[in-house]
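Here's the letter readout for the chains.
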Amino acid sequence: MACFKVGGRRGIVVAVWGALWGVLAAAVVGLTGSAAELPAAPSAADAEFFESRVRPLLLEHCSACHSRAAGEPEGNLSFDTRSETLGHEGLATPGKPEQSLLVEVVRYDGKLQMPPDGRLPLEAIATLEEWVRRGLPWPVEGAVEAGATGFDIAARKADHWCWQPPRAVPVPPVGAVGWCRSDIDRFVLARLEAAGLAPAPEASRAQLVRRAAELLTGLPADPADVDRVVADPDPLAFEKFVDGLLASPHFGERFARHWLDVVRYGETRGHEFDFPIPNAWRYRDWVIDSLNADLPYDQFVREQIAGDLLDSPRLNAAGADLSVLGTGFWYLGEEIHSPVDIAQDAADRTDNRVDTFGKAFLGMALGCARCHDHKFDAISKEDYYAIAGTLASSSYRQVPFESMAANREVARRLDNHDAEAQLRLGRAAAVLLAGGDRETVADPAARAARVAAALPPRAALLAMKHEGERAGGEILIADYSRAEGATPLIGDGFAWGLRPRPAGQARVEAGAEGQPDRLRLEPTSSAHFDSLWAGLQSNGEREAGSLGGVDRAGRVLRTPKVRIEGGTVWHRVRGHLQIFTCVDSHVLLVGPLYGSTLQTVDTQGEWKWVRQDLGSDLDWQRGHLIHVEYVPIAGGADVAEVVASPTEPKRADPFLAAVARRMPAEGADDAAIESVVSELVTEALAAARDGTLSTGPRALERSAVLERLLADPAIDWKGGPATTLLSQARELEGARATITATAKLASAIAPAILDGNGVDHAVLAKGSAARPAAIVPRRFLEAVDGGEQPVWPALSSGRRELADRVLDPSNPLTARVAVNRFWHHLFGRGLVPTPDNFGKLGEPLADAGARALLDSLAVRFREEGWSMKRLVREIVTSSTWRMQSVADPRAVERDPTNLLLHHFPLRRLEGEAVRDKILAVSGRLDPKVGGPPVEVALSDFHEGRGKPGSGPLDGDGRRSIYTRIRRNFLPAIPLAFDMPVPFQAMGRRNVTNVPAQALTLMNDPFVVEQSGRWAARILADSAAGVDDSIARMYREAFARAPSPDEVAAARGFLVAQTALQGGDFAADQRLPSAWADLAHALVNAKEFIFIP
Amino acid sequence: MSRNPSRSRPGHHCGRYRTTAFSRRALLAQASCGFGGMAAAALLHAEAARADSVAPVNHHPAKAKNVIFLYMDGGVSQVDSFDPKPRLEQDAGKNPRDLFKVDQTQFNNVGTILPSPWKFKPYGACGLPVSDLFPHIGSVADELAVIRSMTSEFPEHTNANYFLHTGSGLQGRPSMGAWTTYGLGSENDDLPGYIVVNGGLIPPGGLDNFTNGFLPATFQASVFKPTATGLANVGRRDGSRDGQIAKLAFARGLDRSFAARLGGEGGAPDALESAIANQELAYRMQTSVPDLLDLSGETESIKHDYGCDSENEPTRIFASECLLARRMVERGVRFVELTCTSVGTDRWDQHGNLREGHAANARAVDQPIAALIRDLRQRGMLDSTLVVWSGEFGRTPFAQGGDGRDHNPQAYSMWMAGGGVKGGVTVGATDDYGYRVVEKKFQIHDLHATMLHLMGIDHTRLTYRFSGRDMRLTDVHGHVIRDVLG
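Protein sequence lines, in the order shown, are assigned to chains A and B. Going by the working numbering, the first sequence opens with residue 1, and the numbers climb by one from there. Going by the working numbering, the second sequence opens with residue 1, and the numbers climb by one from there.
What the hints contain is simulated information worked out from the structure, not anything from laboratory work.
Restricting the straight-line Cα-Cα distance to at most 25 Å, the calculated cross-link-like pairs of lysine to aspartate or glutamate (DMTMM-like) are:
hint, chain 1, residue 1, chain 2, residue 2
1, B, K101, A, E130
2, A, K766, B, D103
3, B, K101, A, D617
4, A, K766, B, E153
5, A, K650, A, E484
6, B, K63, B, D142
7, A, K840, A, D808
Using the sequences and the hints given, assemble the complete structure.
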């Protein structure tokens, strides 16, 4: 029987991804080989059967989707030609309908059911079964078959501007030179003049002060500032004012909110119960602080992608690691609890992360390439999965960022200390045991005889000759027990040390009941958590669900990620531990499924193999990508080995195994065994003396030998030499405790990413986790880096490299995208109007002049140090930004949408800024920056599961950015004014006009309450007259004084409202409710929320 | 096996990438000149249309003008409602894994085959079998087109709810009501075009089941309660109406001078004009919404038919939801969705205690729904009002534990009535156990395509450009379910 084409790379893929389609996969793996061939040409009868029965059926029922004629064939399966169909991996097993996916799907037996719109007639199903049974006969076509449809990255790149590197083009010549303050102005003016237009006149200083204050800090200008700037004779008075705004902490709050839209920032995970993302606000504060510190944009990006991997992370004055906080970026999206298809859920979460990454930093819709090569842009699905691999390689954690840097140093010192201690104690013990001192140790020959006598019978020893080798059915997840080639340690802090602790480590064991203390050696290497770290304590919110039951941060030992196909995992551990086997990166352990991934064990100080059965909750047919996390609950803990295996792993005692290996196979008498033991003892003692006990492939064996010698009852532990040794050991343990005492045990925690081993991702056909195809190595976009790229490291995720590539000068996107976002926020529309999409389907640049302007800004932004504040300053101090917002009708006729910027566009405040402004004028605003969020004020119209308790109506006076962003309970006022639902990057908000906005300003209790408060504050100045008070309110609301007519109108309004409320204005000019009405009316005036 | 020979895939593999000649947004942008603006184009569609000669999307003549979506939150069991399966009696107590392949379920607690605790009997001239859960709905059987072959892609609530409402299992995509009002606008000057009447249970997934997603916020649902003020901030907080009018008039004065200062010779910016217009609409809604919610003008017999006087509180609440739905449709609201009300146990999500739970949920909705259909028929409104009854998925024919049923996205029953739907028909079939579809398998996208079709919209041509794609309610999927068309 002929076999399918599953040669080379693809065959390996199937093997790695395991039992892809159950029993079928085994057949495919079995067929892996280089001699790929299709079924031979069929007999005449079979050919007739195919042509008359099968081909019409395929054409009628399958080819609508599975054909190149329909574009890209669904699932990359085409029924167009013999080779495409029969060469499609995993389609069917010739002769075996019961093992053929094709038959399973048409029978509607499994999850995948074809055709999707209804089961085929029974006779059609029978025909297909018969076709498979006959061995899939299909006559050989004569013509050469067409190849796969082309996806040409080079052509795509050449076809779209964004892939060309930005060039600093010369500043164009202009006529009205005097108007220009900067290059920005020259670029803008050149375009206007080319269109025969002139820029609008400059806005008044008062208008500029309002505009700058509200757009740069999101808060209204202080009337005193307006007066000061207006009166300032300095021609650079406005520039000075802008510098003040940029230095204000409110600048960071304002632009942080813009960035939070881009990173789909939320503080809960949405879905059914809206569980919290613990401590997400630490990321929000990191953004605010970074902007206020004018962190260079490249560093801002680097810390979000890979802030955990920097050689020298930024530390604050207290030593807290700030860089790692940026990586919270990856985990701000939605998460689902108890997803039924956990692998598909992982694929969906990864998609959100890759998509957000692409849009945020590259302005490129990478998510479009999840299911197929991008339809229009130079992004292949391999590009998508190459980046997805960096995420598959990493995992979620809550990081103790305040203590990390300090404890890294402690761990370094401990590591040095331990190496030194081991050397010294090893030597001292060797001297003791070598028998140099007759007082303490009996003669060596007698000792060897005693050891040999305690060995098991010869037959049993002989049976161990081959023990210690790993059994065939085991898949190794981590092995910390080896002295050489041990699994590298991944920890979320440094309490597990910098590397596994080698075998042979000495410790003093207290003697029982009047027995003397003695020295013991650890018989195995292991990842070791010293009980000296047991006091670690994290401050912050815990995880919802089962994982939150234990304080984890800083205590986690994480294994590499490994794909396994069976649901039983064995852990060789010692101590009281929480064991969490994280399946497909799923961490939200709430609800009916996946309880078995978490288990607690206490081995009572013994080494034990602990079994964890993950079978019941999970479908293992397709395998799962797992890693294990260990958290000590009390005292110390050790992990030696982790394997997936259906049965308990067997490991021989290294000493016995060594004896068995050296024994002659036949005729081994007592003398021979004694001599083998003697040999081993001599070698072990020599190793201890020269300090090589714990190194080399025989470390475990030698440590075991020494440990046996130390157990020799002949040793007099009360004798002088032994007590000297013990006191030396105690002294070293004391020194160790002294080092550990300098550790920083308490720390705040924050969501962050944890790096792991490199896991390359498979391309998922149609984005479905059920359909893995070729594995792609982790790398950056081919369109930027070309087809031949260096291999990224196997021992880390590659996020560090990813950040490097994003920021490399050869990447044409990053600087442009950044510059354009600031332009967008300051002018209300980017030079590229779609800030998250610079691809072919984004809205294009208006013209070559816009491109030249964008490129010139981008090049300088990068070359001059990526300063975001400098960029903002350059834009807002330009003549372009200072234009007034009244449009010349002739310009409007020529350019109705103001693409050329002939006037400053009227801006409407975002919902957060509307609310903040109301707080500012009412006097309730608390200017405090940062800190834990305030719960959202709920109304009767906030409904849903997981509904929290309501926060205060006025949000404690804190700015809107400090209201907790609960995905399912978004704050009412921002939401009414277009705050985006945080699900994906949203660099450009809607600016809508809906009656709900007017209803909010008219009737929302917060607005009404704060209006009253504003009026009361104004009235509190009893010295001010009515007209002064009116003027003050206008100046606070609109940054301008009222005209005499307006004062008169406001007076008239106060008179009328006072009368309506039963008062007489002549007698009572300060009726609070009348003034509250005036305040409320001003809030409802459009000038309050529209910035000219 | 039935396949519609006339339908074909929409040419390109992935229709959302095609640009279309017709851009609804472009038209709306034009409509935003002058009174009303972009928002009012939906809320005041008729006026905007007159003023700016913008016609609603009509790819073909519409049968239905309005939709009432009766959302059966939690998933009604098909084998206990509209899809009788005598085989369940025969195989009662057997292990389903011995009978057919069982998929992984949400709770993975597979019990034995569980026959329906309810009897079925034929109703109407068409003889539609309906279980004893729904005697009132049975009484309008000749109006119903029951689809027994609906499927979902998601076996758990939140994703399935998003899928049912937005055509995507992910959060944040525009809902079917948003798409409909985006396509057609509203016919009422004083009310939003898309209203959800919330009986008390917001489904898992929250208000994003009713979101405008990436469509302009104009098209998001306004969530009303069936009682009290109905809508957030619609109640005037000013001490008096005159006081509020004076306040708004004063603000209007400020707005006029603001607009004049900004306007120059060219007139004030559109956004400003729209915001000014919205304040008027908001002001009117303070009156129109209470008027809508005031049932005192309804006759006692009508209220009695709906169950407004039922001794069962959940029935009373759902009765007022149904009555409100009719009143909204009368007033031209384009898309109305009703959510379930709490019956003391759970929504239709009976993982245990099927008999009591389903009975309580049915008792709340059965009489009001039947009354709604009769009322619409009697007023001559049913032919232009599409009524859709559906949950997010079905339930397993085997027990979860002893007396519950788990989620089953493989097959479930739903029905439509009015609005161009053929009454008294049953479409599609499940296997002997009601577990999987074996005939005319349909998908949520097909439901959406059909609803839009009845409204005169070709679902492949109602698009909105977002994130570089021409997005559709039906993504790249969806076929009109022609069997239900009248």
